[in-house]
Amino acid sequence: MSEGPLKKTPLNDVHRALKAKMVDFGGWDMPVQYSGIIDEHQAVRTAVGLFDVSHMGEIEVKGPQALDLVNYVSTNNAAKLKLGQAHYSGLLYEHGGFVDDILVHKVADDHYFICVNASNQDKDYDHIAAHAGNFDATVENAGPRYAQLAVQGPKGLATLQKLTTTDLASIKYYHFTDGAVSGTPARIARTGYTGEDGFEIYIAPEESPRIWNELLDAGQEFGIKPAGLGARNTLRLEAKMALYGHEIDASINPYEADLGWIVKLDKPGDFVGRKALEEVQKNGIKRKLVGFEMVGRGIGRDGYEVQLNGVNAGWVTSGGPAPTVGKNIGLCYLPVEQAVPGVAIQVMVRNQPVDAITVATPFYKRSK
Amino acid sequence: MYPDQYKYTKEHEWVAPDGTVGITDHAQKELGDIVYVDLPKPGAAVETGKSFGSVESVKAVSDIYSPVDGEIAEVNEALTTAPEKLNEDPHGAAWLVKIKLSNASQLDGLMSKADYEAYIGGL
Numbered sequence: 004m005s006e007g008p009l010k011k012t013p014l015n016d017v018h019r020a021l022k023a024k025m026v027d028f029g030g031w032d033m034p035v036q037y038s039g040i041i042d043e044h045q046a047v048r049t050a051v052g053l054f055d056v057s058h059m060g061e062i063e064v065k066g067p068q069a070l071d072l073v074n075y076v077s078t079n080n081a082a083k084l085k086l087g088q089a090h091y092s093g094l095l096y097e098h099g100g101f102v103d104d105i106l107v108h109k110v111a112d113d114h115y116f117i118c119v120n121a122s123n124q125d126k127d128y129d130h131i132a133a134h135a136g137n138f139d140a141t142v143e144n145a146g147p148r149y150a151q152l153a154v155q156g157p158k159g160l161a162t163l164q165k166l167t168t169t170d171l172a173s174i175k176y177y178h179f180t181d182g183a184v185s186g187t188p189a190r191i192a193r194t195g196y197t198g199e200d201g202f203e204i205y206i207a208p209e210e211s212p213r214i215w216n217e218l219l220d221a222g223q224e225f226g227i228k229p230a231g232l233g234a235r236n237t238l239r240l241e242a243k244m245a246l247y248g249h250e251i252d253a254s255i256n257p258y259e260a261d262l263g264w265i266v267k268l269d270k271p272g273d274f275v276g277r278k279a280l281e282e283v284q285k286n287g288i289k290r291k292l293v294g295f296e297m298v299g300r301g302i303g304r305d306g307y308e309v310q311l312n313g314v315n316a317g318w319v320t321s322g323g324p325a326p327t328v329g330k331n332i333g334l335c336y337l338p339v340e341q342a343v344p345g346v347a348i349q350v351m352v353r354n355q356p357v358d359a360i361t362v363a364t365p366f367y368k369r370s371k
Numbered sequence: 286m287y288p289d290q291y292k293y294t295k296e297h298e299w300v301a302p303d304g305t306v307g308i309t310d311h312a313q314k315e316l317g318d319i320v321y322v323d324l325p326k327p328g329a330a331v332e333t334g335k336s337f338g339s340v341e342s343v344k345a346v347s348d349i350y351s352p353v354d355g356e357i358a359e360v361n362e363a364l365t366t367a368p369e370k371l372n373e374d375p376h377g378a379a380w381l382v383k384i385k386l387s388n389a390s391q392l393d394g395l396m397s398k399a400d401y402e403a404y405i406g407g408l
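Residue numbers (the numbering used here), protein chains in the order written: chain A, 4 to 371; chain B, 286 to 408.
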């Protein structure tokens with residue numbers, strides 16, 4: 004993977020002072036847990052959790068043809084975005100596999116702000132920049148200019164509202180506004196990776212330790228907890244949100260990943276991967292992502308083999324105990340005919356087949 | 286914290302003079318929330334350094350290696366339904382198995398409390 008010393012977010016000292024357990028996450032020294040994964044998970048589902056996600060990358064695309072470039076390198080139709088709106092999209096190779104999954108924010112007609120995965124940011128930047136030559140647009144790898152904090156959970160709005168004059172309730176889901184949080188300029192987006200309501204804020208790195216502490220103070224009355232990558236993973240898995248390197252990678256196309264909804268073949272113009280995806284649409288997919296629950300004793304985990312009647316049929320992309328669902332769950336690739344709810348499968352747990360059954364997803368959906 | 290009468294392994298198991306085996310407090314802290322325990326059946330033969338079961342946390346799977354040769358005499362069935370007890374009382378109520386030792390002198394080759402504390406202090 005990466006070489007040299009681990010990269011640190013501007014909050015590294017804060018995590019260590021909180022006695023977080025730190026891990027190497029794609030070359031970043033990141034907190035995996037503070038009080039405990041289950042405790043942090045429940046705090047986000049029932050109250051509010053605070054995540055440092057400053058390792059995520061940001062790419063700025065600006066210029067008269069910013070939209071054309073964004074639409075050429077991504078699968079969703081960015082022309083549909085209104086000012087202050089964001090959407091989930093895919094960055095693909097010509098062969099239709101994922102470079103990354105991304106969030107595209109429309110800041111202005113000539114300015115798009117893209118949030119990308121931490122360990123992919125240089126690859127993503129290179130990919131977009133390589134296609135930029137044909138467009139009147141500039142591409143900036145802007146990760147170092149931003150810290151990102153996620154305030155997630157039913158009390159996320161009330162927590163963040165104490166630090167900003169922006170009326171947060173007026174920001175719709177997958178929308179954002181540029182305002183201020185405790186006196187520092189902030190891009191405030193109603194997005195997240197937990198399946199809960201909440202906000203992700205982009206601020207200057209040097210301000211992030213102060214804002215982090217002020218958010219913890221503001222959320223104290225609601226029971227806020229700092230939350231690490233461990234809880235982030237259990238939360239996103241219950242909500243069936245994809246994780247690059249698990250559900251998606253260069254060998255997987257959006258239709259296989261059950262993400263056909265982010266591909267807009269009807270949008271005007273060519274885009275990277277279009278030909279391959281049209282071919283896939285014509286011929287159909289052979290494998291597809293589907294959820295499962297363990298029936299027998301055992302936990303299906305990332306990379307475990309999946310069998311149908313004793314024959315190798317696929318693999319687990321993500322799996323583990325689901326604190327809110329109260330079951331051992333997972334996602335796996337199966338032949339498309341079997342990638343539907345209600346199919347009996349076996350997950351090979353330490354070389355022993357353990358019964359499981361495919362189920363409808365998401366595993367968890369919040370009540371509105 | 287670490288009982289004097291126990292012996293300890295580099296894989297973070299403890300074994301009592303009567304052959305009771307568990308994981309150390311250091312191990313449960315490193316694992317985090319423990320959600321699943323897989324243990325052998327009574328009567329199963331175990332061998333020093335070979336895995337006889339596993340303990341799983343939310344994030345990770347950890348093998349349990351037998352600190353001694355012998356035969357499983359008893360299994361702590363309570364852990365099947367309440368694996369979280371391993372986070373609460375790893376040196377006491379949440380023991381894993383009792384092993385009938387083939388050779389009690391094997392215990393002499395394991396770490397003392399002081400050795401183990403020095404070992405984890407250096408990790």
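Be a bit skeptical, because a hint or two may be false.
Said to hold, decoys possible - With a straight-line Cα cutoff of 20 Å, these simulated PhoX-like cross-link-like pairs (lysine-lysine) come out:
hint	chain 1	residue 1	chain 2	residue 2
1	A	Lys11	A	Lys22
2	A	Lys285	A	Lys267
3	B	Lys295	B	Lys398
4	A	Lys22	B	Lys326
5	A	Lys24	B	Lys314
6	B	Lys385	B	Lys326
7	B	Lys370	A	Lys330
8	A	Lys270	A	Lys289
9	A	Lys85	A	Lys267
Just so you know, these hints were derived from the structure itself, not from any lab.
Verification of the hints:
1. A/Lys11 x A/Lys22: holds (16 Å)
2. A/Lys285 x A/Lys267: holds (15 Å)
3. B/Lys295 x B/Lys398: holds (12 Å)
4. A/Lys22 x B/Lys326: It is violated: about 39 Å lies between the C-alpha atoms, which goes past 20 Å.
5. A/Lys24 x B/Lys314: holds (10 Å)
6. B/Lys385 x B/Lys326: Cα-Cα ~13 Å, so holds.
7. B/Lys370 x A/Lys330: OK: lysine 370 of chain B and lysine 330 of chain A at ~18 Å, within 20 Å.
8. A/Lys270 x A/Lys289: Outside the cut-off at roughly 25 Å; violated.
9. A/Lys85 x A/Lys267: holds (17 Å)
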